[in-house]
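With the hints as a guide, bring the two chains together.
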Amino acid sequence: MTKKNKPDLERTWDVLVIGGGNAALCAAMSAKENGAGSVLVLEASPKDVRGGNSRHTRNLRYMHGQGNRFLTGPYPEEEFYNDLLQVTKGNTNEELARFTVQQSNDIGDWMMAHGCMFQPAMKGTLSLARTNGFFLGGGKALINGYYRTAAKLGVAVSYETEVVDLEIEDGVFTSATVVHKGEKKKIVAKTVVLACGGFQANLDWLEEAWGPEARNFLVRGTPFDKGTVLRLMQNKGAVTIGDPTQGHMVAIDGRSPKYDGGIVTRLDCVSFGIVLNKNCERFYDEGEEIWPKRYAIWGRLVGQQPEQVAYCIIDAKSIDLFMPSVFPPVEAGTIEELAAKLELDPIKVKETVDNFNRTAGGDLSQFKPGDISDPLSTQGLEPPKTHWARPIDKAPFYAYPLRPGITFTYLSLKINTRAQVIMAGDKPAENIFAAGELVSGNVLGQGYMAGFGMTIGTVFGCVAGKEAANV
Amino acid sequence: MSEKERSEALQEAGRVMTICNSCRYCEGFCAVFPAMELRRTFTDGDLKYLSNLCHNCRDCYYACQFAPPHEYNLNFPQAMANLRGETYREFVWPGFLAPLFKRNGLTIFLATLFSVLGVYLFARMKENGVENILGTWTGDGSFYTIIPEHELLISFSIVALWALIAFIGGIWKFWKTINPTNEKFFSGSGNKGALMDVLRLKYLEGGSYGCNYPDEKFSMSRRYMHHLIFYGFFSCLASTTIAAVMDHVLGMPAPYSWYSLPVILGTLGGTAIIIGLIGMIYLKTNQDQRPLAAEGMVMDYGFIILLLLVNITGLALLFVRDTPLMGSLLILHLGVVFAFFLTLPCGKFVHAIYRYVALVRHNQEQANRK
Chain A
171 MTKKNKPDLE RTWDVLVIGG GNAALCAAMS AKENGAGSVL VLEASPKDVR
221 GGNSRHTRNL RYMHGQGNRF LTGPYPEEEF YNDLLQVTKG NTNEELARFT
271 VQQSNDIGDW MMAHGCMFQP AMKGTLSLAR TNGFFLGGGK ALINGYYRTA
321 AKLGVAVSYE TEVVDLEIED GVFTSATVVH KGEKKKIVAK TVVLACGGFQ
371 ANLDWLEEAW GPEARNFLVR GTPFDKGTVL RLMQNKGAVT IGDPTQGHMV
421 AIDGRSPKYD GGIVTRLDCV SFGIVLNKNC ERFYDEGEEI WPKRYAIWGR
471 LVGQQPEQVA YCIIDAKSID LFMPSVFPPV EAGTIEELAA KLELDPIKVK
521 ETVDNFNRTA GGDLSQFKPG DISDPLSTQG LEPPKTHWAR PIDKAPFYAY
571 PLRPGITFTY LSLKINTRAQ VIMAGDKPAE NIFAAGELVS GNVLGQGYMA
621 GFGMTIGTVF GCVAGKEAAN V
Chain B
3 MSEKERSEAL QEAGRVMTIC NSCRYCEGFC AVFPAMELRR TFTDGDLKYL
53 SNLCHNCRDC YYACQFAPPH EYNLNFPQAM ANLRGETYRE FVWPGFLAPL
103 FKRNGLTIFL ATLFSVLGVY LFARMKENGV ENILGTWTGD GSFYTIIPEH
153 ELLISFSIVA LWALIAFIGG IWKFWKTINP TNEKFFSGSG NKGALMDVLR
203 LKYLEGGSYG CNYPDEKFSM SRRYMHHLIF YGFFSCLAST TIAAVMDHVL
253 GMPAPYSWYS LPVILGTLGG TAIIIGLIGM IYLKTNQDQR PLAAEGMVMD
303 YGFIILLLLV NITGLALLFV RDTPLMGSLL ILHLGVVFAF FLTLPCGKFV
353 HAIYRYVALV RHNQEQANRK
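Going down the list, the sequences are from chains A and B.
Going by the numbering used here, the first residue of the first sequence is number 171, and it counts up by one from there.
Going by the numbering used here, the first residue of the second sequence is number 3, and it counts up by one from there.
So that you can see chain B by itself, here it is in the shape it has in the complex (with noise of 0.2 Å):
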């Protein structure tokens, strides 16, 4: 490919791979740079893998010898990031919502307002709607009096399906470009290793030493508010999972009580998450711009904005339970997780699951390497 068809941002990607393939003195610190000196050029392929396989940690910013204000104007993270970016667009499934992810403010908050909108009017259809909504309703079953069970139930099956689905069409596209050679997804170790580096986060410790972030310290803050959101959300799916299991499994109706397995999987992991969010955003407000991809920024804090709701309308909602607020808290919580699922797909959360299939690649080539 000419390097007029090639976008902007992978040309400058390219131009630092360059760069840091002749130099190679970041090694140490990231998966990034053992990927990279595999190769001696650089397809676009290659370096939309590269740059999700990039965590941002900046490790490589700092220790640069040719960082701005260099001749060589070396801003790997920043290169990486925008690139990271225009991938996101690329790899959307189905194809068409990629303009999603230029105006992602607007459109998580467009989708959280219809998503609550639309839960409200759903409560308002039914039968003594208004009395239902300000009513105050205990015991099993409550929630049904605001929402009812089938309705609810399908309409949140419906909205995960589309995320898991749209999941795997971005990793069918994600994989053929950076897989060149036709790999399996899930051949040799791969999954394995990826899973551990997740598990661990083990490319936001840097060389060991952790982040320069939020600034040229070295520091593990980024990666255990990672941590917390990560371990939080496990903690809060497991929670659903389990509630649901019981409800219409077990025909335990909702609401638990508060030493219940999935409240208390629930709380811990709401409030691990607000914690972890509170911490990202303190981080990224305090962060040295110029290793920054400003573009990026919006899509950071549209999904930490609405996560935040996610998990402090769910906390409010346990205390709230007995009280004429359950019925309007309820819609509000659930409007909001709606939205969540309905734009996880088209945020931020890509990240995660973009780096997860580069952390696959990327321990496939190493094992086979040996």
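Only chain A is shown next, with the shape it has when bound in the complex (with noise of 0.2 Å):
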């Protein structure tokens, strides 16, 4: 398909939105319903691959008093804020946290005005059927829908058009350079939303923040998000919050692509089975906890074990309990075929699966798959496993292998309530807007929880988008 109309990018724009996914949309049609009388979008990706991560997402978590279509049952304040101070351990600036919770009242209403559709949750994910609207389609589709309402509100988009440099005097924005089609040209815009990812999908600055096993890593969502805003606004004196090994991190299938395997990656085994790493010894409880919970630890927890590297073994009596994963399991017919498989040591691996088996069990009727009231513990074993301990005796014997898979960064421009970027000296830039993953870290200092991310990306879009409207 063509493209009809090719914005202007010669002309001076009211509002410049840098980056293309849920946060910018947002910005660009909340800025333009809020009197911007030019809105630019610059999407770094062509067309067919637009929308960043938001791409790959299928879910918002959000405060509402009653339930409805979609949503069983109310979802309040207090509690959405408690879950927030508990997946962060607290770690969490309160004033933001608090902001972000209050402005998602209801805020799938807005949502769905500008071309959302939701559906009721969907099957195996019923523990967010309360807190969380469920797109019809997935984010794409979500996507889609605020593109053509952008599009219909009179936003401008230029795709494949980069960001590389921005003009900055004294915390006031004046102008950005991007490339487009090998092009540099410079873009002049009185007021600036960036919403443009972290830096996920940039290995050397991993490299750099987590070491040489960053290399390792798998990069799930779009490889479009190198973090160069975010590292030019460093450059420029802006403040950064959050710690750069903090992300929203999984373990996710070991042959999964470098870059944008997306959802399919996911591997929901862990609980039902024991993880081995390279030295065929288990190193973490994996019983512990529940999805969605369970599933934001392994990430960090593989990336800690040699060659950033791990195995789940499961036996036939598990093979159906999760969702059906994209590439087929490793399968033998004994506990030491499989370690071949693997290639790993069998004699090792034969003895920590022994060393499991002779300490798992109990009344094993009692087991509830997928409810963290099942009693089934180990007795005496270190690491122990505290829940669905079966042994792992029926053959055939499955593995998966699993390595870290990066979703977002959250390294983040330090941002205020209004969602301007704080420049050197705590001084709110004026016309400098951020949202999106870009300022995940302002509310997310560590862990993560279900469908938060576009919460974040929703409220801080909308907000930034008014204000930039309204410098």
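Please note that the accuracy of each hint is not assured.
[Said to hold, decoys possible] Below are the SDA-like pairs computed for lysine to any residue, each with C-alpha atoms no more than 20 Å apart in a straight line:
hint, chain 1, residue 1, chain 2, residue 2
1, A, LYS428, B, PRO71
2, A, LYS487, B, THR43
3, A, LYS487, B, ARG41
4, B, LYS219, A, LEU323
5, B, LYS178, B, ALA168
6, A, LYS428, B, ILE21
7, A, LYS487, A, GLU506
8, A, LYS351, B, PRO71
9, A, LYS217, B, PRO71
10, A, LYS428, B, HIS72
11, A, LYS428, B, SER24
12, A, LYS293, B, ILE21
13, A, LYS293, B, ALA369
14, B, LYS219, A, PRO216
15, A, LYS293, B, PRO36
16, A, LYS217, B, THR43
17, B, LYS219, B, ARG292
18, A, LYS322, B, ILE21
19, A, LYS293, B, GLN368
20, A, LYS217, B, ALA168
21, B, LYS219, A, MET282
[What the hints assert, rightly or not] Covered by chain A, per the in silico footprint, the following chain B stretches (three or more residues, Cβ under 8 Å):
hint, segment
22, 28–38
23, 59–69
Hints listed in this document are in silico derivations from the structure and should not be mistaken for laboratory results.
On a predicted model such as this, the values are computed, not experimentally measured, just so you know.
The beta carbon of each residue, even a glycine, is placed where N, CA and C say it ideally should be.
Here you go:
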């Protein structure tokens, strides 16, 4: 399909939005609706893969007073806020955290008015049915709806337009330098909203933060989030917040593509088996918690193991208990054979499995998959497996290789509740706003809870757009 | 069955379905994904079933984070359409007609040509054939001056019966393949559910916002055009049936007045079909080519053109029936109608048959789940 109206990159724009995902589009639409005369969105990617990581999302967590067609009940402010405190272990900016929760109140209505279609929670995600609104067709469908609405509102979009420099003097933005189809151009605008993601697709930067082991990480989302703007802003004196090694990181199938593997690389088998590292040893309680908490800790755990790889081993009893995987499991009739296929030491693996089996069990009829009240735990094993500890003894045996999959990094531009970027000396920049993953670290110091990245993007996208329109 | 024995279309459908089943974002769109979620692995029969359950609404294509140019190159509607095309050949009854799907344009063209020619020669063979064809005839039984009633009745009964038997054969083969548990076709509320789905064309509204057809915008246009064709078709069928009863049972020979039930139903139905078909042509020619399975296009257009001819000649006959053109148009109309029924089991029409059967299976499965 051809694009009819190519935006004029030479003129002066009222609001320039850098980024093309959820936060960027919320900002662009909100700016236009709050009176901005001209709004230009710069998306680094081609049209077909637009939307950054939002393309891979599927739901958004938001505060609401009552259930509706797609939410099973209320999710009040205090509960939401406490959930956030719990996953971040208090590592959050309380003012911004509270602000995010409050601003998310009934934000689903705004989303629907702007092209979002919701559906009831997907099967297998019933734990989120009350708190999270699921997008019909997932995040890409949401983004398509937003782009359609933005076009109707008169927002201009320039694809394949990558920002390489920002002109900022005394905390005031004047122009952005972009590369578009191999050509360098300067785009002048009165205000700018930065909403172009973290630096998770920048392997050099990941290595800088994590050390050489970062080379073995897989990037689950868009390859376009290189963190260019974050780095530019750091160099221009913006204050950053958060630990560069913190991010939303999960353990995914080790055979996934380096970039953009998306949701299908996820493996939900950890709690039903045991996880061994390259040395054939267990290293963490596989039964500690239930999805989605467990989901978010295993990325880091595997990242800390030798060669950043681990192997989840289950048996025939458990193979049907979790979502089917995109890559078939490694399968064998005996543990030794399975170990050989994984290129692990068969004797050591057998020993680890036997050790586990000796201490595991109890009344197997009490086994409750997907329920933390499951009573089956190991006795006297170190580290223990505190739930779902059934012996691994029924052939065939299966294994999945695991690697850390990074979704997005938390290192962020510090902002205030007007989404203004804070510059050196704690001075808010007058006409520079930020939203989305690029500010996630203001609220998420560590940990993650499902659908919260989209909350941050939508809340601060809307605030940033409105503020930018009123500069 | 090993991968090697699987056709390319089956392999691709299997690959695609495995990715989809570990994603499931599209489950709210249509029947295919909830059906997929009942399985962890996919047999050939499963894939053939799912491919016919797919209504090609394309909502999933535009919602797919893995659609081309992504590394997974996941083109769900195309994979389903390619396999669907293969199932049409596999399940056609009798089986030796399968190659007709491969050369469907030629099949329909030749069938039409010979049918019209056949009707013409038949009319010619009658005493004073040429004079009859070129004459002006009005009043009761004027059509039978051109083609005798008896022969007309017999030949069209035979061709209609042929289509019916062929469909039953196809349904039987397809049902056995997609239903390994040997559930009865008429068991439970499968047919009731499927009928409701069909009458509403439920799955042409995707996740209730419409198809992404002809492009990525949600639109009900494809559904409405289908409705026009679908209900127009039944209106015409009702017209023909009522006319047949009036003529052969009640002894009121055709043609009938403008305000008679058969003519009103036929005119309404014919007009609806023509509008629907032209709408479909418009949508087809303007569709996004990326989710398209190019192989099926000849079959689609062949069917559309023949059905257009049926309806245009039928309506035209109504206007010229009191003139000397009546004879020629009657021959043309009867010829294309004959060709239409003759090729019904070997062309695009079968999509309605197999989709219905797949919907029966789907409704049974979902009922069994509860």
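Hint by hint, here is what the structure shows:
1. A:LYS428 / B:PRO71: 16 Å, holds
2. A:LYS487 / B:THR43: Holds: LYS487 (chain A) and THR43 (chain B) sit about 17 Å apart, inside 20 Å.
3. A:LYS487 / B:ARG41: 17 Å, holds
4. B:LYS219 / A:LEU323: 16 Å, holds
5. B:LYS178 / B:ALA168: 16 Å, holds
6. A:LYS428 / B:ILE21: Roughly 17 Å between the alpha carbons, so the hint for LYS428 (chain A) and ILE21 (chain B) holds.
7. A:LYS487 / A:GLU506: It holds: about 18 Å lies between the C-alpha atoms, which stays within 20 Å.
8. A:LYS351 / B:PRO71: Roughly 18 Å between the alpha carbons, so the hint for LYS351 (chain A) and PRO71 (chain B) holds.
9. A:LYS217 / B:PRO71: 11 Å, holds
10. A:LYS428 / B:HIS72: Measuring from Cα to Cα gives roughly 12 Å; hence the hint holds.
11. A:LYS428 / B:SER24: 18 Å, holds
12. A:LYS293 / B:ILE21: 16 Å, holds
13. A:LYS293 / B:ALA369: Status holds; Cα separation ~17 Å.
14. B:LYS219 / A:PRO216: 19 Å, holds
15. A:LYS293 / B:PRO36: 9 Å, holds
16. A:LYS217 / B:THR43: 34 Å, violated
17. B:LYS219 / B:ARG292: 15 Å, holds
18. A:LYS322 / B:ILE21: 34 Å, violated
19. A:LYS293 / B:GLN368: This hinted pair holds, its Cα atoms lying about 14 Å apart.
20. A:LYS217 / B:ALA168: 47 Å, violated
21. B:LYS219 / A:MET282: Holds, at roughly 16 Å.
22. 28–38: Held - the segment 28–38 of chain B has 4 residues with a Cβ nearer than 8 Å to chain A, which meets the minimum of three.
23. 59–69: holds (count 8)
Of the hints listed earlier, those the structure fails to meet are numbers 16, 18, 20, in rising order.
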